[in-house]
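K.L.:
Sequence:
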Amino acid sequence: MMMRRDRLLLAVTLTAIFTADLYFVLLPKLRDRQPGPGNGGCLCPQSRGTNFTLAGYNGLTIPWFSNITSIDLQGKGVGATDNPTDWGSKLGRLFAHPLYNIQTPELGLEERLMQSEELMEYYRRKVLRWERHMKLYSEAAAALNVTMLEHQVTFDPEASWLKFHLGINRYALYTRDDPAITRLLQDMQATTVISADYTQDEKALKGACDCTQVVKPSGHHLKLALKMQNFGKAMFKPMRQQRDQETPDDVFYFVDFQRHNAEIAAFHLDRILDFRRVPPVVGRLVNVTGEILLTTHNEDLRSVFFTSPANNTCFFAKCLYVCKTEYAVCGSPDLLEGSMSAYLPGLSIAPRISLPNPWIRSYTFTGREEWEVNPFYCDTIKRLYPYNSGNRLLNIIDMAIFDFLIGNMDRHHYEIFTKFGDEGFLLHFDNAKGFGKHSQDEMSILAPLSQCCIIKRSTLLRMQLLSQDHYRLSDVMRESLGGDALQPVLAEPHLQALDRRLQRVLKTVHRCVRRLGEAQVITTDFVDASVMPESVKPVATPNKEK
1 MMMRRDRLLL
11 AVTLTAIFTA
21 DLYFVLLPKL
31 RDRQPGPGNG
41 GCLCPQSRGT
51 NFTLAGYNGL
61 TIPWFSNITS
71 IDLQGKGVGA
81 TDNPTDWGSK
91 LGRLFAHPLY
101 NIQTPELGLE
111 ERLMQSEELM
121 EYYRRKVLRW
131 ERHMKLYSEA
141 AAALNVTMLE
151 HQVTFDPEAS
161 WLKFHLGINR
171 YALYTRDDPA
181 ITRLLQDMQA
191 TTVISADYTQ
201 DEKALKGACD
211 CTQVVKPSGH
221 HLKLALKMQN
231 FGKAMFKPMR
241 QQRDQETPDD
251 VFYFVDFQRH
261 NAEIAAFHLD
271 RILDFRRVPP
281 VVGRLVNVTG
291 EILLTTHNED
301 LRSVFFTSPA
311 NNTCFFAKCL
321 YVCKTEYAVC
331 GSPDLLEGSM
341 SAYLPGLSIA
351 PRISLPNPWI
361 RSYTFTGREE
371 WEVNPFYCDT
381 IKRLYPYNSG
391 NRLLNIIDMA
401 IFDFLIGNMD
411 RHHYEIFTKF
421 GDEGFLLHFD
431 NAKGFGKHSQ
441 DEMSILAPLS
451 QCCIIKRSTL
461 LRMQLLSQDH
471 YRLSDVMRES
481 LGGDALQPVL
491 AEPHLQALDR
501 RLQRVLKTVH
511 RCVRRLGEAQ
521 VITTDFVDAS
531 VMPESVKPVA
541 TPNKEK
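Position one of the sequence shown corresponds to residue 1 (UniProt numbering), numbered consecutively onward.
If you are wondering where the hints come from, they were derived from the structure by calculation, not from laboratory data. Each hint can be trusted.
Straight line, CA to CA, 35 Å or less: simulated DSBU-like cross-link-like pairs of lysine-lysine:
#: 1; residue 1: Lys126; residue 2: Lys233
#: 2; residue 1: Lys233; residue 2: Lys163
#: 3; residue 1: Lys437; residue 2: Lys90
For each label pair, taking beta carbons as the anchor points, the in silico distance ranges come out as:
#: 4; residue 1: Ser138; residue 2: Pro356; range: 39 to 47 Å
#: 5; residue 1: Lys507; residue 2: Lys419; range: 31 to 39 Å
#: 6; residue 1: Ser138; residue 2: Glu158; range: 26 to 34 Å
#: 7; residue 1: Tyr100; residue 2: Ser362; range: 32 to 40 Å
#: 8; residue 1: Asp379; residue 2: Ser348; range: 37 to 45 Å
#: 9; residue 1: Asp469; residue 2: Leu335; range: 33 to 41 Å
#: 10; residue 1: Asp379; residue 2: Glu158; range: 50 to 58 Å
#: 11; residue 1: Leu516; residue 2: Ala190; range: 49 to 57 Å
Computed from a prediction, not measured in an experiment: that's the story for all the values here. Cβ atoms here follow ideal geometry from the backbone N, Cα and C, with glycine treated the same way.
Put together the whole structure using the sequences plus the hints.
P.N.:
Put into structure tokens, the structure is as follows:
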């Protein structure tokens, strides 16, 4: 009898230990591997070939991507490192996630913007023309006893900016894993500048300055085209505002400062959202005497340099002393920080077209556009070409989400490459008026989304991912911007504003789904050109990437 009691006691004890182990150890681990609130946002299927539900978003179903062959239960995708140190990087974890490893279709000749032979021949001719021009200019400068720096141009077919141009395709400006982009950022930050000039839009003004215009045409904002020793070219926008300054409440969006750090941050955000529609941008300290004044061949640009009372070298745009809408920028005493944006291929070899944004704002003090007073404005837009078929309207909504996150109210036009036609992506150009106010969310920027109530599935999924703790948008932005020479690029309140605005976008989508249903709101990334975007049910075509 005593032995039976001992066995019973032992069995009860073992059962209690097993139960405690199950409840306190095994079950928490299993919960961590299930999608749901509080699990850090694991968006991983339990088995290949099944659908899985997006945590915390009204049960929206996410399609399984068949090209992903290996996923771990924390969302780590193919090629992700198992090194715990690397795994501590939220940015690395984000880019290893399956949503950032969807393969694009194989690119044919017609889906690439440029062909190698064509591009190389074009730039070889430009280098020869440059060398002839420099020889004549050097002779003239010597005759007039004008000081100028002479640098030897080296044309390298393997240059990063050439690789960037060759990588542009119908889906994006660059692929996710393109090593040329990292090299290009490094080159724009450090390569010797051999020439400085006004940009083409400023030259087109010919110094004209109409002070009666409320909105000055493109070219009045101070920016320069800098040519580098490897013949690459970048647009330089100098620092105009301190990081912690906000745009005053009384300043209209169309006369706001252009901010160099907004250009840098916009590139990083565009990459994190996986749009890849902003040309690469990096911060750089430029010597305004050695890299602008002494390298420019433009006498108009030379004429606007002066030395300030503090003995700093300064310069200004052509009509600033007349209109008084902008002010000179100064080095300290010669060094001036700014953004360097990579140029796209020239219009003569890769034509682009500029189109008005359907949700353009009124660039007057009192006027209002139709979309601001008509809640059914999108119904009209859906009947108009090119928004009545294909992906153009969905791309407009992507752009509106991007602009809302950065606080950019100045998207009056957008550009596309003509080669890719109506199905080409929109270039997210000129973002320098973003990140002006971190304390205010301008909800009117989201009008295309709130009025049309459609969104790409991939855009929604990535935003949901970025709202989770493991991939928090402000954290991955902070980490991404930490690699720039001008860090901190954004003040902390601007980073926190990104998280707040992301939640506002998701709530807008949630309201649309609740009102219209998932099938009417969330669409596949590619829609056949013959299908109306208002019938936004999932299309039975391959899930290609946009």
